[in-house]
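Chemist: Single-letter residue listing:
2 protein chains.
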Amino acid sequence: MKRLSCAVIGLGSMGLGMAKSCLAAGHETYGFDLSSDRVARFVDMGGKAGELGDIAKKLDVVMLVVLNAAQTEDVLAGETKLLENLRLGSVVIGCATVSPEFARDMERRCKAVGVDYLDAPISGGAGKAADGRLSIMASGSPRAFEIAGPILDATAETVFHLGDKAGPGSAMKAVNQLLAGVHIAAMAEAITFGMTQGVAPDQFLDVISQCAGTSWMLENRAPHVVDGDYEPRSSVTIWPKDLGIVLDIAHASGFDAPITAAALARYEKAIAMGLGSEDDAALAKVYAHETGLDLPGKAA
Amino acid sequence: MKRLSCAVIGLGSMGLGMAKSCLAAGHETYGFDLSSDRVARFVDMGGKAGELGDIAKKLDVVMLVVLNAAQTEDVLAGETKLLENLRLGSVVIGCATVSPEFARDMERRCKAVGVDYLDAPISGGAGKAADGRLSIMASGSPRAFEIAGPILDATAETVFHLGDKAGPGSAMKAVNQLLAGVHIAAMAEAITFGMTQGVAPDQFLDVISQCAGTSWMLENRAPHVVDGDYEPRSSVTIWPKDLGIVLDIAHASGFDAPITAAALARYEKAIAMGLGSEDDAALAKVYAHETGLDLPGKAA
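Those protein sequence lines, which keep their order, are chains A and B.
Under the working numbering, the letters of the first sequence match residues 1202 to 1501, in that order.
Under the working numbering, the letters of the second sequence match residues 1202 to 1501, in that order.
Derived by calculation from the structure, the hints in this document are not laboratory data.
There could be a bad hint or two in this list.
Computed footprint of chain B on chain A, listed as stretches where at least three residues anywhere in the stretch have a Cβ under 8 angstroms from a Cβ of chain B [what the hints assert, rightly or not]:
#1 1346-1359
#2 1409-1415
#3 1449-1460
As a list, the in silico EDC-like pairs of lysine to aspartate or glutamate whose alpha-carbon atoms are at most 16 angstroms apart [as the list claims (entries may be wrong)]:
#4 A:K1470 <-> B:D1457
#5 A:K1282 <-> A:E1252
#6 A:K1282 <-> A:D1255
#7 B:K1470 <-> A:D1261
#8 A:K1259 <-> A:D1245
#9 A:K1366 <-> A:D1354
Backbone N, C-alpha and C define an ideal beta-carbon position, used for all residues, glycine too.
Construct the entire structure; sequences and hints are all you get.
Modeler: Structure representation (structure tokens):
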């Protein structure tokens, strides 16, 4: 396997896991984050750190594992001017959830300075990120796929090849987020509705997970409600952002998405209730609060 | 195994399948339906027919596989007065989707004439009904479970024992229908939203079914959209009924279910567009119509 020099920008739960996976695969891996604590944690794992401006020139691949389009933009064209400093022929992997239009724009701007762009949103959560077992919804030039190949291999279990230019990767991610966000909200609505009818949350999980009403998100998140455990694996705040992107794109295409809009309103209410930093399963608390239900508490 | 004498009332796709499964298991099985064609079809399969008033006295078990509470009520207490004619100690299995309160009322009225009632809504679709592989969400007296046991064995792959009185079976079914109905509508919203972003329906199915956005309903119904095949396995008309029951129960408990309400509005629009008798995957046509998308057509 070719040993690459790579950097992960953004060492949150997803980025740190991806950086670890790159290290484990033998790549020279630099980590960057606004939080020096996070960088220090990565260095403790054997990762490298430094000044991005100095290091950029030697990188084969840069992964942007930041929150959104604004942060992606800021890293590439803001103060650090990463785009100007990257080596000709290197590849930028954009992992944030962004609009397909933004991804196409990034590809154009990278191309203008001789850099390939891979539109490559990620899915799977922090656990799979740490294990190098993400799903990556990727589109971009054959050259971008070729150069980035060893990094994709190191971080992902499944790489979907969705086309030879930027856009489809982000489009598929938006579709996935629409469904994932609606399914979490539907789980929260159903598990609390069940409680009003005498169905206990653990019975809900046991039965519905074996029935036609199940979803990946239900099986993943309902256990958090059953256990009363709202430590954030993925927090409520993600969803107004991601469903907002979905609705922005939808609106621009004249597409009405009323179920997504109904789900978004639930996440916004959760944030108004001060639940933003909790696990997104805390959406059940919105319904419980409205109806006066007692959700299971955390086991001592 | 004990050979029982049983009747299935309502020989639609679910009832006919269940009646066939009872026959196959060696039970003496009578079939009843308002449509004489359906009864004739069952007789061709080896089933029995006759006058319900005459036959009621010899039955061990009666399954009511009708559309809703009104039809259940009509069969038991309407012109045929089934309840008055049933043998002391026989068991009525109520399979329609009804409110828990209605199920409790049926149990009371059966008990008053010495008959046990099993609150036993079914799930799984026509295919599983035909194969004797349904899921049954059942609650009722131990005696109801005992007498009905051989019939449950003949028709179901999974029987959930949800308690020793009527109510929990119907409550769990309502929870399942909430989720199933929302998930079909979310699939329709997502697959057409994807099309506006250049994601083809077959690509949607390939990728999302492997991602966190998947659901049982998505994997079951999205292929209908991909194939342009709207022959009804389960029709649009089911959902205003079932989601209406969910919202009625929710309302009676002071529970606000905005995502369910948003999904219900989509089914109502589908019916207003004349799609009521099509497969419920035809909900995608509502979105396609609104946005001017061309869904895949049926292969010639």
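Chemist: Let me make sure I understand: some of the numbered hints might not hold for this structure. Which ones are they, in numerical order?
Modeler: Per hint list: 1, 7, 8, 9 violated.
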